[in-house]
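Each chain, written out:
2 protein chains.
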Amino acid sequence: MMTEFKTAEQMAGEQKQISIAEFFEKNRHLLGFDNPAKSLLTVIKEGVDNSLDACEEAGILPDITVKVKDLGEDRFKVIIQDNGPGILKKQVPNIFGKLLYGSKFYKMQQSRGQQGIGISAAVLYSQLTTGKPTLVRSRTNPNNKVHEFHIRLDTVKNEPQIIKDVEYEKNFPDHGVYIEMEIEGKYRKGKQSVDEYIKQTALANPFSKLVYHAPDGNKLSYSRIVNKLPRRAKSILPHPHGVELGVFERMSKLTKARSIAAFLSKDFSRISFPAAKKYCKLAKVVPNTKSDSLTHQEVERLWRIIQQAKIMKPPTDCLSPIGEATLEKAIEKDLNTEFVAAITRPPAVYRGNPFGIEVCIGYGGGLAPGNTAEIVRIANRVPLLYEQSAGAINKAMKKIAWAHYKVEHKNKMPYGPMIVLVHMYSTWIPYTSESKEAIDAYPEIQKEIRLALQDCLRKVSRFMSSKRRRMLEKKRQSIFDKYIPELAYTLEKLTGEKKETLEVNLKKIIHKELKKDEKDESS
Amino acid sequence: MMTEFKTAEQMAGEQKQISIAEFFEKNRHLLGFDNPAKSLLTVIKEGVDNSLDACEEAGILPDITVKVKDLGEDRFKVIIQDNGPGILKKQVPNIFGKLLYGSKFYKMQQSRGQQGIGISAAVLYSQLTTGKPTLVRSRTNPNNKVHEFHIRLDTVKNEPQIIKDVEYEKNFPDHGVYIEMEIEGKYRKGKQSVDEYIKQTALANPFSKLVYHAPDGNKLSYSRIVNKLPRRAKSILPHPHGVELGVFERMSKLTKARSIAAFLSKDFSRISFPAAKKYCKLAKVVPNTKSDSLTHQEVERLWRIIQQAKIMKPPTDCLSPIGEATLEKAIEKDLNTEFVAAITRPPAVYRGNPFGIEVCIGYGGGLAPGNTAEIVRIANRVPLLYEQSAGAINKAMKKIAWAHYKVEHKNKMPYGPMIVLVHMYSTWIPYTSESKEAIDAYPEIQKEIRLALQDCLRKVSRFMSSKRRRMLEKKRQSIFDKYIPELAYTLEKLTGEKKETLEVNLKKIIHKELKKDEKDESS
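Each protein sequence line maps, in turn, to chains A and B. Each residue of the first sequence is one higher than the one before, counting from 1 in our numbering. Each residue of the second sequence is one higher than the one before, counting from 1 in our numbering.
Incorrect hints may have been included.
Just so you know, same-sequence chains aren't split out, so a pair can sit in one copy or run between any two.
Here are the simulated lysine-lysine pairs, DSBU-like style, with alpha carbons at most 30 Å apart [to be verified]:
id, residue 1, residue 2
1, Lys-398, Lys-6
2, Lys-157, Lys-107
3, Lys-67, Lys-145
4, Lys-499, Lys-6
5, Lys-6, Lys-284
6, Lys-228, Lys-69
7, Lys-313, Lys-493
8, Lys-398, Lys-186
9, Lys-186, Lys-284
10, Lys-77, Lys-253
11, Lys-398, Lys-189
12, Lys-209, Lys-6
13, Lys-310, Lys-493
14, Lys-89, Lys-329
15, Lys-266, Lys-412
16, Lys-482, Lys-329
17, Lys-89, Lys-157
18, Lys-412, Lys-395
19, Lys-6, Lys-170
20, Lys-191, Lys-459
21, Lys-234, Lys-26
22, Lys-399, Lys-6
23, Lys-256, Lys-290
24, Lys-395, Lys-284
25, Lys-67, Lys-398
26, Lys-256, Lys-164
27, Lys-459, Lys-447
28, Lys-189, Lys-395
29, Lys-253, Lys-474
Hints listed in this document are in silico derivations from the structure and should not be mistaken for laboratory results.
Produce the entire structure from the sequences given, and follow the hints as far as they go.
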């Protein structure tokens with residue numbers, strides 16, 4: 001029996017490094033590849049989000065085509081073509097064939113991608129389920145050739161494997177990227193479908209042209225609602241209140257600044273050089289000491305002083321909302337709503353990260369009555385279709401006193417022909433999982449969502465009141481209208497005036513009176 | 001304006017590899033370090049789970065001490081000492097200072113740890129929040145010296161940094177590991193507390209001795225309930241039905257087997273050599289072809305044939321349940337319950353992974369009435385304290401018709417002085433996140449949980465029926481008892497017999513009759 005058991009030596013022989021790619025291959029549900037239907041959506045989402053990010057960064061109005069072909073036996077071919085800046089030849093393999101590779105993780109800048117996992121995870125999923133490499137074509141300039149790669153991801157090493165690498169001049173747009181993948185998938189309609197994702201993406205990116213060929217043969221085209229890119233989100237320095245002791249210490253060791261005071265004022269936002277010197281003195285650290293020569297105790301004292309100091313909030317020109325007017329226009333155009341109102345709140349901060357919330361509420365038109373209101377959740381212009389009942393947006397919505405705003409509700413959620421769109425934009429969205437499906441319910445974020453909803457609902461409630469008033473008035477008017485002919489008939493007999501003339505005059509008088517009533521009511 | 005925008009070249013300059021350690025540092029909520037209270041629990045959990053795994057693997061009855069000291073200013077010192085086999089000197093830095101390093105990821109074996117993230121994540125969290133290295137002492141043998149390391153994790157490289165490394169002969173147990181960490185934390189009581197985790201760990205590991213010094217000065221000791229380690233969980237080969245095409249192809253390229261038929265029969269469980277040859281023929285592949293010379297098409301054909309073939313379920317001697325008798329004993333001892341029943345279901349399979357479910361239900365005793373029943377969720381002997389409303393166990397419980405088993409219920413969950421323990425054990429637990437808080441709701445897993453609950457509830461329902469009967473009887477008896485003195489008094493007057501004698505005799509008669517009734521009822 002004892003032979004079954006192991007010594008420390010035997011155990012040591014079994015311990016080894018685990019590849020990040022193998023880890024996510026085995027735990028692919030963490031990346032949004034739980035099941036075939038969700039996987040099809042995730043692959044498309046990762047591709048389109050990258051295209052939109054690249055276009056925006058390059059200042060190009062996006063023009064994106066998505067094609068999904070059903071190959072039978074639960075297999076699909078996904079094609080995504082954009083008019084973005086293209087990807088340099090030497091970067092293509094890393095971007096598609098390596099997990100945790102990207103340009104956005106270390107920047108504090110609002111973008112769709114954050115972690116450098118998305119598109120390479122799609123490549124991983126494709127080869128896991130079909131064994132096929134991913135085809136990528138890229139051109140960065142009309143004077144350059146088109147580069148075509150067939151890429152796999154070596155999961156043991158987390159390195160790209162180039163199966164084929166050719167270049168040619170061919171029928172290809174001046175610049176852009178073309179991706180073709182084969183995956184195991186399932187095509188579904190409904191709230192968590194690719195169709196819905198494309199529709200909501202068009203809504204959240206109204207400066208984009210999106211064409212989508214669904215596997216059932218349908219073609220959906222979304223044209224631009226605005227012809228201008230949003231304000232470019234700038235990259236900012238970290239705010240001192242969002243940096244933990246361990247990170248602060250590491251930064252102090254790796255900085256290029258020549259002194260600790262210079263480090264504070266150059267590597268963080270909102271610390272001036274005089275303020276930096278003041279914090280140093282309070283922490284009993286000589287301001288022109290070399291930053292990496294500080295002891296742990298000195299670093300910790302300095303960090304504590306800074307955490308307690310009153311420091312200006314981070315700059316907010318790094319944020320780029322969709323905007324009230326654009327949101328209203330997009331919802332109105334899409335749903336032909338009777339009423340629409342949007343609110344973009346001034347930016348706030350959680351853990352040193354600036355963020356903003358905007359809310360748009362539409363009523364009537366193409367929206368279905370007799371249902372729970374449609375909830376659209378968006379994070380940095382990316383629609384979130386899964387985990388609706390989790391996270392900050394859901395929590396904030398359940399705290400709203402809908403009745404107070406004359407909005408019908410059921411189970412704490414709005415009810416009726418209504419759409420409620422909530423957009424959070426930030427330099428860092430705290431997702432509850434790698435698959436980016438819900439926003440972590442930080443108190444500061446929840447509060448801002450609640451305030452934005454309430455701001456917007458005040459407008460809604462005015463509309464709902466006047467809507468009710470108009471309905472009542474119409475009812476009264478129709479009652480009067482019903483009796484006018486009878487009254488005219490009686491008056492004709494009494495006065496000898498012609499019935500038709502009397503009717504016209506009576507109508508004039510009554511409508512004038514009703515209008516007066518209305519004015520009195522609303523003043 | 002255009003200068004803000006970037007070309008493909010400029011973008012390429014910003015793209016780089018992201019360190020897995022930096023990724024998890026920035027996303028520490030994914031590892032269970034969401035907030036100070038949960039972080040304190042997570043650190044202790046990772047340490048204790050590792051100690052238990054090591055002891056079990058080495059065939060040692062665990063004897064673990066946990067000390068938590070409040071250092072003020074939201075800082076805590078956590079000390080964990082075990083009597084396990086110890087860790088070899090050269091392995092200590094990797095195990096504590098490198099994420100994704102371990103012995104369990106590639107094995108198909110039931111164990112608490114799976115991914116090689118836990119304890120190194122705790123080291124990462126400690127240095128992030130306090131800047132302090134982790135102290136580790138280890139001895140593998142009474143003849144060896146004690147090795148002491150002070151370790152940090154270099155997040156940029158995901159490599160251990162050894163701050164101090166000494167060895168000495170000192171007052172230290174013959175073998176074992178001692179860990180000391182300083183972390184930012186918060187000590188709370190209640191359902192998600194360290195106290196509760198220790199209590200449930202003792203319940204799920206009744207062969208362990210656990211001593212816990214809480215930061216409030218309380219000392220909790222849990223002695224062994226059984227003096228024998230559970231059956232050792234064996235490591236098994238992957239089952240062909242649990243292997244995806246991409247992994248199958250990779251295995252076929254990396255195998256040491258000399259032919260494709262040998263590969264199938266040696267690298268998988270439940271494929272005999274004759275069966276392997278048969279599958280090869282069906283897939284039009286020559287059985288003695290070298291495995292790595294197959295084309296992708298051939299590999300895919302073979303994989304499809306095997307997926308469709310009827311193959312015996314994986315072996316189940318790799319699984320180690322707690323056991324019905326031990327569970328009942330543990331619950332009874334802990335809660336002094338009036339009734340307890342346990343069920344260990346025969347093993348089942350999801351995605352090629354064997355797993356088992358056991359359920360133990362206790363009633364009365366130390367359990368509080370007037371509350372929702374206590375739910376204890378355990379996965380491979382590790383209590384899950386967070387995300388109770390997510391995952392397979394919750395979903396399965398909500399589908400139970402509690403009333404059918406005469407169990408009180410509220411909001412689809414059992415109600416009253418009751419404890420319901422559900423344990424899933426498997427070679428691979430599909431957690432919904434890296435922080436291992438809930439089990440993914442695979443249909444096969446949900447079904448087995450439901451069946452186990454129902455099996456156990458049948459026993460409960462018998463108890464509840466007889467409990468009700470006993471209560472009714474007691475009520476009747478007390479009614480009779482009330483009238484006996486009056487009856488005796490009347491009979492004394494009529495017969496002249498002494499009242500006291502009459503009373504005694506009447507009681508005897510009545511109780512005999514009641515017992516007879518009871519027998520008639522229950523037959």
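Quick rundown of the hints versus the structure:
{"no.": "1", "hint": "Lys-398 <-> Lys-6", "in the structure": "neither (53 Å within a copy, 42 Å between copies)"}
{"no.": "2", "hint": "Lys-157 <-> Lys-107", "in the structure": "both (26 Å within a copy, 19 Å between copies)"}
{"no.": "3", "hint": "Lys-67 <-> Lys-145", "in the structure": "within (24 Å within a copy, 65 Å between copies)"}
{"no.": "4", "hint": "Lys-499 <-> Lys-6", "in the structure": "neither (108 Å within a copy, 77 Å between copies)"}
{"no.": "5", "hint": "Lys-6 <-> Lys-284", "in the structure": "neither (53 Å within a copy, 43 Å between copies)"}
{"no.": "6", "hint": "Lys-228 <-> Lys-69", "in the structure": "neither (32 Å within a copy, 59 Å between copies)"}
{"no.": "7", "hint": "Lys-313 <-> Lys-493", "in the structure": "neither (80 Å within a copy, 96 Å between copies)"}
{"no.": "8", "hint": "Lys-398 <-> Lys-186", "in the structure": "between (33 Å within a copy, 28 Å between copies)"}
{"no.": "9", "hint": "Lys-186 <-> Lys-284", "in the structure": "between (63 Å within a copy, 29 Å between copies)"}
{"no.": "10", "hint": "Lys-77 <-> Lys-253", "in the structure": "between (48 Å within a copy, 26 Å between copies)"}
{"no.": "11", "hint": "Lys-398 <-> Lys-189", "in the structure": "both (27 Å within a copy, 28 Å between copies)"}
{"no.": "12", "hint": "Lys-209 <-> Lys-6", "in the structure": "between (62 Å within a copy, 21 Å between copies)"}
{"no.": "13", "hint": "Lys-310 <-> Lys-493", "in the structure": "neither (85 Å within a copy, 94 Å between copies)"}
{"no.": "14", "hint": "Lys-89 <-> Lys-329", "in the structure": "neither (39 Å within a copy, 66 Å between copies)"}
{"no.": "15", "hint": "Lys-266 <-> Lys-412", "in the structure": "neither (48 Å within a copy, 58 Å between copies)"}
{"no.": "16", "hint": "Lys-482 <-> Lys-329", "in the structure": "neither (39 Å within a copy, 82 Å between copies)"}
{"no.": "17", "hint": "Lys-89 <-> Lys-157", "in the structure": "both (21 Å within a copy, 27 Å between copies)"}
{"no.": "18", "hint": "Lys-412 <-> Lys-395", "in the structure": "both (10 Å within a copy, 22 Å between copies)"}
{"no.": "19", "hint": "Lys-6 <-> Lys-170", "in the structure": "between (62 Å within a copy, 25 Å between copies)"}
{"no.": "20", "hint": "Lys-191 <-> Lys-459", "in the structure": "within (27 Å within a copy, 43 Å between copies)"}
{"no.": "21", "hint": "Lys-234 <-> Lys-26", "in the structure": "between (37 Å within a copy, 21 Å between copies)"}
{"no.": "22", "hint": "Lys-399 <-> Lys-6", "in the structure": "neither (55 Å within a copy, 42 Å between copies)"}
{"no.": "23", "hint": "Lys-256 <-> Lys-290", "in the structure": "within (10 Å within a copy, 55 Å between copies)"}
{"no.": "24", "hint": "Lys-395 <-> Lys-284", "in the structure": "neither (44 Å within a copy, 57 Å between copies)"}
{"no.": "25", "hint": "Lys-67 <-> Lys-398", "in the structure": "neither (38 Å within a copy, 41 Å between copies)"}
{"no.": "26", "hint": "Lys-256 <-> Lys-164", "in the structure": "between (41 Å within a copy, 27 Å between copies)"}
{"no.": "27", "hint": "Lys-459 <-> Lys-447", "in the structure": "within (19 Å within a copy, 49 Å between copies)"}
{"no.": "28", "hint": "Lys-189 <-> Lys-395", "in the structure": "both (27 Å within a copy, 25 Å between copies)"}
{"no.": "29", "hint": "Lys-253 <-> Lys-474", "in the structure": "neither (74 Å within a copy, 77 Å between copies)"}
The structure does not agree with the numbered hints 1, 4, 5, 6, 7, 13, 14, 15, 16, 22, 24, 25, 29 stated previously, though it agrees with the rest.
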